[in-house]
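Work out the full structure, taking the sequences as your base and the hints as a guide.
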Amino acid sequence: MTPAPAQAGWKFRQPSVIPGFGLTLGFSLVYLTLIILIPLSGLAWRSAALGWSDFWRIITDDRTLKALEISFGTALIAAAINVVFGTLVAWILVRYRFPGRRIIDAMVDLPFALPTAVAGIALTTLYAPNGLLGKPLMALGIKVAYTPLGIVIALVFIGLPFVVRTVQPIMEEIDKEVEEAAATLGASRFQTITRVLFPGLAPAIVTGFALAFARGVGEYGSVIFIAGNLPKVSEIAPLLIIIRLEEYNYAAATAIAAVMLAIAFAMLLVINLLQSWSRKRYG
Amino acid sequence: MADPSIQTYAPPSEAATAAVTESPVARAVLMTVAFLFLGFFLVLPLIIVFQQAFAKGMGTYLSSLNDHDTLAAIRLTLLVAAIAVPLNLVYGVAAAWAIAKFEFKGKAFLTTLIDLPFSVSPVISGLVYVLLFGAQSMLGPWLKANGIEILFAVPGIVLATVFVTFPFVARELIPLMQEQGTGDEEAALSLGANGWQTFWYVTLPNIKWGLLYGVLLCNARAMGEFGAVSVVSGHIRGVTNTMPLHIEILYNEYNAAAAFAVASLLAGLALVTLVLKTILELRYGAELAATRGH
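From first to last, the protein sequence lines stand for chains P and A. Each residue of the first sequence is one higher than the one before, counting from 32 in my numbering. Each residue of the second sequence is one higher than the one before, counting from -1 in my numbering.
Keep in mind the hints are simulated off the structure, nothing from the lab. From the three backbone atoms N, C-alpha and C, an ideal C-beta is built for every residue, glycine too. None of the hints are false.
Restricting the straight-line Cα-Cα distance to at most 27 Å, the calculated cross-link-like pairs of lysine-lysine (DSSO-like) are:
1) A:Lys105 x P:Lys42
2) P:Lys263 x P:Lys174
3) P:Lys97 x P:Lys263
4) P:Lys97 x P:Lys174
5) P:Lys42 x A:Lys103
6) P:Lys166 x P:Lys263
7) A:Lys54 x P:Lys166
8) P:Lys207 x P:Lys311
9) A:Lys103 x P:Lys311
10) A:Lys105 x P:Lys311
Some chain A residues well away from chain P (every beta-carbon gap over 12 Å; in silico):
11) Thr58
12) Tyr59
13) His66
14) Arg73
15) Glu147
16) Pro203
17) Ile234
18) Tyr282
19) Glu285
Pasting the structure below:
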């Protein structure tokens, strides 16, 4: 982007010969307002109308706190797992050449394309106590489905492409000469990776982590089948919102949603700052 | 950026690059770990969908699909996507035109707002419409008095779907059109084309593959959305159940064969989406912008 030339006085827009500015911006703003901004501010207004003491009472309710803890905790673990394996998958796709690489590359986007309900019942069938993977795991004494571990599994599935697709393009841009320089200066391969390559990838890895985490916190469809949904054990916050709605307890549903939304927007802000920081640093 | 006209030296031989790659043993270990991970987390769930769908034979598969409620769910899913995707397509083109072709105050903020739905939990995307149109809302009594059904009916499902698929087309087109600049349009205008002609004959051909890419992803999400739609649909069998919601009902009724039969259709859609997406990336990669930036 070229910086706008300094101009005397405040101008809403730079002059241009291209037509359609008013029409397209006007339509975009109206549509954005109707579909996104009014409904979201409705939520903010309704939770503000609750009053502080009611709001606090709902949020500090034992079951609510547990649900939030489970949602954020499992999303955190799943995002951490995805950082490790997502970075590994990106590395293999960028650096190694092997038959079927294109297919694997395309498959990484499967969690984006596969409806969450389908992923949910498939993972549940796999990890159920009598399932293909659940049975051997059960023999080892590990129960996956209908426990918080099941939630983590579902969120690993959902979050994987976020890490791979954030890290992969940055890896592709790494100049091999940097590694060659490190090697000629006597660095071992391990030192080159940890001291030379990793610092360059760190912003992308952190961004991928944040994206996977943010998605995991709000995830519903893939989780509810495998979670078992036991209150205070494996009940996620989005499910608690739905339960409160079905009880016609709009106040509680609104308050939980407002907390989740506030945290999600804070995360969005952090992600944006991270991305502009890494762009500035690494072009 | 390096000057493309300057030829770089030929890549060094295998021996010379040994210092900048892992030992064969390390490579083998890394690849095995990655393949196992992908196998367990991506391939196996996909296989299990089709295996379960056909576990009781082709006859059961076809008869579970040829069920009145299932067919109604398929029709509703197609209808919802047929409304939501074009709406977001028109919006995406309009927003990209305004943002990419002009410089104005608040542009960066507007671009951030477009991505907002991606950071909202699907359940909350549905909840906001319940709060807006539900019986307890300000609009609720008026809607009821006038016989307008939004919640637990098709309009609510469409709205929730539009909300969650809102950014897909716009976020694909904005970087693409920014990259292309305004030179082509300015040339067309100076040669006497009017605004619409410029859009149809100059801009649209330039962005068609990016547009298709965005529509593809938008459609996949629209047909597969579960959380948001689940909140507003009311789960009326054969009336307001989309395919993902119908899968949930069948699964909870322990009718796994039927649930996976419907799921196999959506999994098929996901595979077709991935194949088309990959073809677009391979053939028109240069004409797509944020092909990697989710």
